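Enquirer: One letter stands for each residue in the lines below.
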Amino acid sequence: MTVFAAPDDEAAVQAAVAEAHATRQPLRLRAGGSKQALGQPVPQAAVLDVSGVTGITRYEPGALVIEAKAATPLAEIEAALAEHGQMLAFEPPDFRALLGSSGAPTIGGAVAGNQSGPRRVQGGACRDYLLGVRFVDGQGQLVRNGGRVMKNVTGLDLSKLQCGAYGTLGVLTEVALKVLPRPEASATLRFEGITLERGVKLFAQALTTPFEVSGAAWAEGTAWLRIEGLTAQVAYRRDKLSALLADDGPTPMDADDPAAPWSSIRDCTGFADHDGPVWRLSLKASLTPGILSALSDRLGARGMVDQGGAVLWLALPDADPAQADAIRAAIPNGQGHAMLFRGPAPLRTAVPVFQPQAPRLERIAADLCARFDPAGILNPGLMRA
Amino acid sequence: MSSIQMAPPDPGVMSRRDQIVAELAKVLPADAVISDTFETLAYECDGLSAYRCPPLAVVLPHDTAQVAAVMATCHRLGVPVVPRGSGTSLSGGALPTADSVILGTARLNGVLETDYDNRFIRVQTGITNLAVTGAVEGDGFFYAPDPSSQLACAIAGNIAMNSGGAHCLKYGVTTNNLLGVTLVLADGEVVEIGGPAPDAPGLDLLGVICGSEGQLGVVTEATLRILPKPEGARPVMIGFDSAEVAGHCVADIIRSGVLPVAIEYMDRPCIEVVENFAHAGYPLCEALLIVEVEGSDAEIADQLDRITAIAERLNPVEMRVSESAGESALIWKGRKSAFGAMGQINDYMCLDGTVPVSALPATLKRIAELSAEHGLKVANVFHAGDGNMHPLILFDANTPGDLERAEAFGFDILRACVDAGGCLTGEHGVGIEKRDLMTYQFSAEDLEAQMQVKDVFDPAWKLNPTKVFPLDLSAARRAAHD
Chain C
20 MTVFAAPDDE AAVQAAVAEA HATRQPLRLR AGGSKQALGQ PVPQAAVLDV SGVTGITRYE
80 PGALVIEAKA ATPLAEIEAA LAEHGQMLAF EPPDFRALLG SSGAPTIGGA VAGNQSGPRR
140 VQGGACRDYL LGVRFVDGQG QLVRNGGRVM KNVTGLDLSK LQCGAYGTLG VLTEVALKVL
200 PRPEASATLR FEGITLERGV KLFAQALTTP FEVSGAAWAE GTAWLRIEGL TAQVAYRRDK
260 LSALLADDGP TPMDADDPAA PWSSIRDCTG FADHDGPVWR LSLKASLTPG ILSALSDRLG
320 ARGMVDQGGA VLWLALPDAD PAQADAIRAA IPNGQGHAML FRGPAPLRTA VPVFQPQAPR
380 LERIAADLCA RFDPAGILNP GLMRA
Chain B
-7 MSSIQMAPPD PGVMSRRDQI VAELAKVLPA DAVISDTFET LAYECDGLSA YRCPPLAVVL
53 PHDTAQVAAV MATCHRLGVP VVPRGSGTSL SGGALPTADS VILGTARLNG VLETDYDNRF
113 IRVQTGITNL AVTGAVEGDG FFYAPDPSSQ LACAIAGNIA MNSGGAHCLK YGVTTNNLLG
173 VTLVLADGEV VEIGGPAPDA PGLDLLGVIC GSEGQLGVVT EATLRILPKP EGARPVMIGF
233 DSAEVAGHCV ADIIRSGVLP VAIEYMDRPC IEVVENFAHA GYPLCEALLI VEVEGSDAEI
293 ADQLDRITAI AERLNPVEMR VSESAGESAL IWKGRKSAFG AMGQINDYMC LDGTVPVSAL
353 PATLKRIAEL SAEHGLKVAN VFHAGDGNMH PLILFDANTP GDLERAEAFG FDILRACVDA
413 GGCLTGEHGV GIEKRDLMTY QFSAEDLEAQ MQVKDVFDPA WKLNPTKVFP LDLSAARRAA
473 HD
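Chains as they are written, first to last, in this note's numbering: chain C, 20 to 404; chain B, -7 to 474.
Calculated directly from the structure, the hints in this document are not laboratory data.
The model shown is predicted, which means the values in this text are computed figures rather than measured ones.
Please note: incorrect hints may appear among the correct ones.
Unchecked claim - For the chain C half of the interface with chain B, some residues (derived, Cβ under 7 Å), not all of them:
hint, residue
1, 81
2, 97
3, 98
4, 162
5, 163
6, 179
7, 203
8, 301
9, 356
10, 373
11, 383
Unchecked claim - Which bits of chain B does chain C cover? Going by a derived footprint, with three or more residues having C-beta under 8 Å, they are:
hint, segment
12, 273 to 284
13, 406 to 417
14, 420 to 432
A virtual CB, placed ideally from N, CA and C, is assigned to each residue, including glycine.
Isolated chain C, as found in the complex (with noise of 0.2 Å):
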């Protein structure tokens, strides 16, 4: 793919925005280039390289709060958290081993994909720690949008419509997010020999709790259950949850222990050397065990659980179209959804690599589209098949 501007500031993403939209120039938006293999493939794009959009602009750890332009590294920014002992609490996932992909996953592909990792079934997801965005329109206008202060009802929340549009409704320049303390502690309880209709209710049970559970994620027939905080909480709570599971085992792992499975979960290499189809639904949790089982009978998937039973990571044998009607009938309505994560693209062009919606809101979502990028040249169809 030819390269259309490599902006190294917003005004110049500005400059190349507008004159892509002059001359009707589709753009396919690039920062360190790890998840270009995501969404619908986005033919006779150029790529727009924001890669140089990058530099934490503003961190104030007493007031858990980082900025950053949009292309910064995560590790960079993991790293200065890290000096002051705090994190990014969403865990935005490292896809590269999944992808096949080489280069810098940054802050603002976190953002424009809503990508979190285990933690979110306690603490929530990227975009529940998004504050504010910065970015360009299809126009080349920028448009600043919520802020860099925790509790903020100013105006329409366009910075959540941002995360997780893919680049479809603008480029981002810079984001603002609520940044957390690294937990003091951690502990993993692990459970072998689980059905994963166990697992599921096991989490359900030690999510129930107040314990506070950071992580909930089977595989393979073991399950783990995480749990975060300072030391005395930590020992307390993993001794009331293994008492309270002790029918199922639970062997405690210590944080440093090399198998404790987290960064793996959380990035999905287990299905980083299988060949087929990678696809990830998010289900209401009790029914993950039910669709794992029909589609493993149906379609030879494998699967992996993440969330509590909420996230279903499915491997499939072949990349064969007739899989996605075949996942997505196996979610009952309004319960679920599915996304083609990993597929070549000639899969991801044949099939809606995001979920077909209901016919009014696809429009809502198109015309969204028509207003902020009135062109169609922001990663033109990368969301909608």
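On the provided structure of chain C, position chain B as indicated by the hints.
Expert: Frame of chain C; chain B shown alone:
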């Protein structure tokens, strides 16, 4: 009387009042339409009671289908609709215009589904905030957002205003606890957005609907996240002889890794009034913090030890750790009665700007300067952990000109919040109250982008049309469809 202008009502709509009421009566049961001008008076204002205007009519539908019928009817007849929850808005969000139909959610008050395994509850949105917790607390759960009007305020209004509360430092505000909605669009079509699964597919429409102040549609049903109740909670009360030191204390606590559920702040004028009223045993000092933590007894003790150690280094004038439920209740009694206590001695205007936590001391200083300039007293009581300030401007509603002076003072405070890197409203909403200040915080492009979203959801600009956006900016859009 007061300085905030309302758009003149549409005479075309006013002249068709009888027809409009008759058409509404065709699609609703008899008890759901109120058109008697004496009865509609009850809906002439919300919590911003300085502004009043009786609506054309009031409808109180019983279910989503009836709401859809009302919306379709009003859409067809070109009638503005002002959605209303319990009418507790402090910003005029539910203030009628004379040509509008008030769509009240009072009769939409059922619990539709509780699901503990998946930790959600689905309700009709006229249910009060406290009744949501009431429906699940017997089983050990609660609904986290807790605005101080929670006994009266409806979930519909909470969603419209993205309400917060004292405990959002830990649990977030409404938008962080809202999983799905049934939304009736301006033309009467009903859509389902989100639900019990995380991360609704496609664009985050739920995120922009929450906090949209009734601009985008009417939410009739909601799926809300419920949480297991903590084992216990206890506060510590810490008094300082300077606002600046109290501000440092807040930042130091937050930085330390302890995450309290609430950090509340009161200044001397507020402490004096509250202490007279509630006798909570507050020290008469410049700044009082109430910091609450949650967990088991041992966890609470551990966290309170850390907090008191931080405070100790800053030489507090007094520090009192609650040792019992009774002591906790007493410490909270003063804070919770602050607005009521203030109301007994004075008329007051409650503001709602937010500033970065680091800017709290400087902003308090600026407020004191403005108080002297305007010649009106101010008391401060607010959520310090998240920088959401609630200055209470004291005035006398019976003194001509005092309300206008108070409003002018309030505007200056809100501008100071924006200047400090904050915003006009943290949890009360823009409504009409902060509408004309929006251009102070946002550029024309920023507001145009927001109005474009309204264009998509409400192309005719008939939903709560004179709120949130400055009238001159929205005039062309509103006029295009008259």
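Enquirer: Holds or violated: residue 356 of chain C as interface residue toward chain B, Cβ cutoff 7 Å?
Expert: 4 Å, holds
Enquirer: Quick check on residue 81 of chain C please, does its C-beta sit within 7 Å of some C-beta on chain B?
Expert: It holds, given that the least Cβ distance between residue 81 of chain C and chain B is near 3 Å, below 7 Å.
Enquirer: Could you check if residue 98 of chain C really has its C-beta closer than 7 Å to a C-beta on chain B?
Expert: Nearest chain B Cβ about 18 Å off; hint violated.
Enquirer: Tell me if chain C covers the segment 273 to 284 of chain B under the three-residue, 8 Å CB rule, please?
Expert: Per the Cβ count (0), the hint is violated.
Enquirer: So, as I understand it, the hint says residue 383 of chain C touches chain B; can you test that by seeing if any CB pair is closer than 7 Å?
Expert: Where the cut-off is 7 Å and the nearest Cβ of chain B is about 6 Å from residue 383 of chain C, the hint holds.
Enquirer: Regarding the hint that residue 97 of chain C lies at the interface with chain B, is the smallest CB-CB distance below 7 Å?
Expert: 17 Å, violated
Enquirer: Residue count check for the segment 406 to 417 of chain B against chain C: does it reach three with CB-CB under 8 Å?
Expert: Satisfied; 5 residues make the cut.
Enquirer: Restraint: residue 162 of chain C near chain B, CB-CB cut 7 Å. Satisfied or not?
Expert: Since chain B brings a Cβ to about 4 Å from residue 162 of chain C, closer than 7 Å, the hint holds.
Enquirer: Restraint: residue 163 of chain C near chain B, CB-CB cut 7 Å. Satisfied or not?
Expert: Since chain B brings a Cβ to about 5 Å from residue 163 of chain C, closer than 7 Å, the hint holds.
Enquirer: The hint names residue 301 of chain C as touching chain B; please verify it with the least Cβ-Cβ distance against 7 Å.
Expert: Check passed: Cβ of residue 301 of chain C comes within 4 Å of chain B, closer than 7 Å.
Enquirer: Residue 179 of chain C was flagged as interface toward chain B. Is the shortest Cβ-Cβ separation under 7 Å?
Expert: Given a least distance of 3 Å, the restraint on residue 179 of chain C holds.
Enquirer: Let me know if the C-beta of residue 373 of chain C comes in closer than 7 Å to any C-beta of chain B, holds or violated.
Expert: 6 Å, holds
Checked against the numbered hints given earlier, this structure breaks hints 2, 3, 12; the rest are met.
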